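Going line by line, the protein sequences match chains A and B.
Quick note, the first sequence lines up with residues 358 to 1071 if you use this note's numbering.
Quick note, the second sequence lines up with residues -17 to 134 if you use this note's numbering.
Just so you know, these hints were derived from the structure itself, not from any lab.
A hint or two may mislead.
Claimed, not checked - Okay, the calculated bits of chain A under chain B, using three or more residues with CB under 8 Å as the criterion: (1) 562 to 575; (2) 750 to 763; (3) 839 to 846; (4) 1000 to 1014.
Owing to the predicted nature of the structure, the values given are computational and were not obtained by experimental measurement.
The beta-carbon is built from N, C-alpha and C at its ideal position, and this holds for glycine as well.
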Amino acid sequence: MVAIRKIGRREFLQRTGMATGGLVLGVALLDSVDATDAVAADTFQPNVFVAIDTDGRITVWVSRTDMGQGTRTGMPMILAEELEVRLDDVTIVQADGDEKYGHQLTGGSLSVRLMWDPLRQAGATARTMLIRAAARLGDVAPGSCRARDGRVLHWNSDREWAYGDLVETAATLDVPSEDEVELKDPATYRLIGESLDRIDGPDIVTGRARYGMDIRRSGMRYAAVARCPVYGGRRPQEFDPSPAMRIDGVERVFGIDGLHDGLYVADGIAVIARDTWSALRGAEALEIAWQEGDDADASTEQLHETFRRLVDERGEVLREDGDVDGALGNAARTLEATYELPFLAHAPMEPMNCTIDLRGDRCEIWTPTQNPQTVRERVARLLGFDTSQVTVHVTLVGGGFGRRLYPDMELEAARIASEVDGPVQVVWSREEDMRHDRYRPASLHRLRGGVDADGVPTALHWHILNTHRGVFRSDEFPSHQFPNLRVEYTHVPWVLPRGAWRSTVHSQNPFVAQCFLDELGHAGGMDPMELRLRMLSEHPRPRGDGDPPFDPDRMLRVVEEVADRSNWGRSVDDGHGRGIGFSYCYDSYVAEVLDLHVEDGRPKIDAVTAVVDCGRVINPDLVRSQFEGGVVFALSATMMQEITVEKGRVQQGNFGDFPMMRLSETPTVTTHILENENRPGGIGEVPIPPTMPALGNAHFMATGERLRRVPLFA
Amino acid sequence: MARFEFEVNGERRTLDTSGDMPLLWALRDHLDLPGTRFSCGQGICGSCTVLLDDTAVRSCVTPLSDADGSRVTTIEGLSPDGTHRVQSAWLAEQVPQCGYCQPGQIMAAVALLQQDPDPDDDAIHAAMDDVLCRCGTYERIHRAIRRAAKEG
């Protein structure tokens, strides 16, 4: 192996600002990338994200999970741009879970936001070193050379060097410091801003793409698990394994303990078999007398009764502006409304699964996770291992939406693997997946609002009751827009474990706030769009408020643009309606207008016009596809989905009772991207918050009926 | 236990197993063809759609005994190089997001276009409405089918 470094990796990363600068927090990198990283000899690898070999082959490590948002295309685009290579010339490798890659939790629409600086820096550093290598070989000044399409060209002669021919020399150079490395002028970008095709597309359409479910290891067994249907329940010490053992292909049946700490993994009975079918049938055949525990009578009906009882009591005051009670007393008109939102499952098409090979003091895991470092740490702790004894390979992910942030399936798999020789793949049935999810919390909201004689909203008192904590950011809408505002919060702890669900709390509060705003507008005789534009221009949230700092001009411009693009002022036929919603989340500003009409008492969603300002766009088609899909995801939830509990058991189990939108129900989604040079914002979750209230508001316009219980059309 | 013989993607295959095993698991776990996906296990979502003698079936609820003596086509066997017109249309429209359900979507679309080379919206809805996509790629699926029909 060519000696490629004269300084330690940690120093390089500190110099390039990756360890300390920008948004990459907590990056702690290995001191060196050693031979165990499976980098071929004679390879130039100036950092953990890129390597170039003597044949000019370029490898880029993608450190974050692709669950459909296009990370495995967008991340290499950023690096390839600065490296001056074509995306076609890059081979991508999915990085294992390892802190040397920095932050690897794929959630919070973070990937581009976090990796924008480090990936540009990684590519530019490599480019700078290749140019210096060429300058040394050609005995010319580095400033007289430039890089393009995998070659370094000398300005003043015809000489040029392919990257592969520069690798050995580049590897002997000192890694330059950050201020020696010049990032490209965005005006010269050739990849960033282009709608390049998804790298995984050809593998997906030919069936070659490998998800967690598709991992195959020599001698692998398959496992399914019967789990206690009540959360917190325990397995009996004794049970009859024979119903499962009688099934052809079943080899072993044994009990496994869950984890009853904050993470929660259910107790279960594992069935090991020679194929998935036998394992699933075996688990189904078992009749287990579970010790169901304290929550065997829990029901969501009771929970909502509790919400309704507690709503009249005082909650914790999260925000208090002006004099709410006085303003409500003086209002020309007041309104009161109660909104109710259900628990929701993630229901990704690929059920939970994990493949694990635990032998001696080594554990190797293949899993469709959004969070490989946490998997590694938690599994190591469970097994009494050091993290270096655990390898976590991240597969393609058949839908995540937040579900795969939690390492429960890997911990369960580790319990099973402790009892099995050789590799085993644990597969959850669809029903187990839906009944042992970590759910979007349920909530109830009571709002009292007042408008003045001109119809302008003056006061809002909002009481949020939620099964989860941390449900309101004091800077979120409508903070600042109401001179008199009180937001109260009551935490109602409940049995179902909570999970991050695409856009988290932004899947709840914006629906409520933006629907009630329309109610106030209607009470005051104001057009919903006019009302919003007025609030945002006359009482803007202050510039620089919050972290990241809010820009009121960007928010206003997005709403103005959606009014224009949707031709808001046009007349609307009887039975038709349009609604608006807007949001600021994940560093992006978004607004949508939704058009629907009512057919045989059911709404048909015709079109959604979206406007987004997400700063600099890496790949516009990826943004558009996230909007098309995100609208469907949000509409499915708002129109038809809920998780209910009776006798401690989740009632829904499959796509029949937890339905989703179908092709014929899908609206046309038109996405307008307001291009600008601000830092990139998030996209994966951004389409969810505005879609939900836009639906409720459009339905009100079409029918005059205000629906306040979600799902609106179950 | 019984012996089943059928043609999978042009190759004769035999399997000794119980006849009630769904075709899905025979393909995935015994014939090394994992491109056909498991999702609902109840014939609701269509991720497991394959062609049985040119008809689209849900392999998760099709017992192996129904495939005995038949011709099975999975996503892996649709074309030698991934250039079947439906696959090409899927790439041209950049349909997939997570991609997990797309083999089922593509096989359902292939069956539709075999029966109706120029399907109208109603025909597309009838053939595709029961093939679910959690990522919500439906708009592009619709466009890709129209494109494949036009270019067919």
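Okay, the hints, checked on the actual structure:
no. : hint         : in the structure
1   : 562 to 575   : holds (count 10)
2   : 750 to 763   : holds (count 6)
3   : 839 to 846   : violated (count 0)
4   : 1000 to 1014 : holds (count 3)
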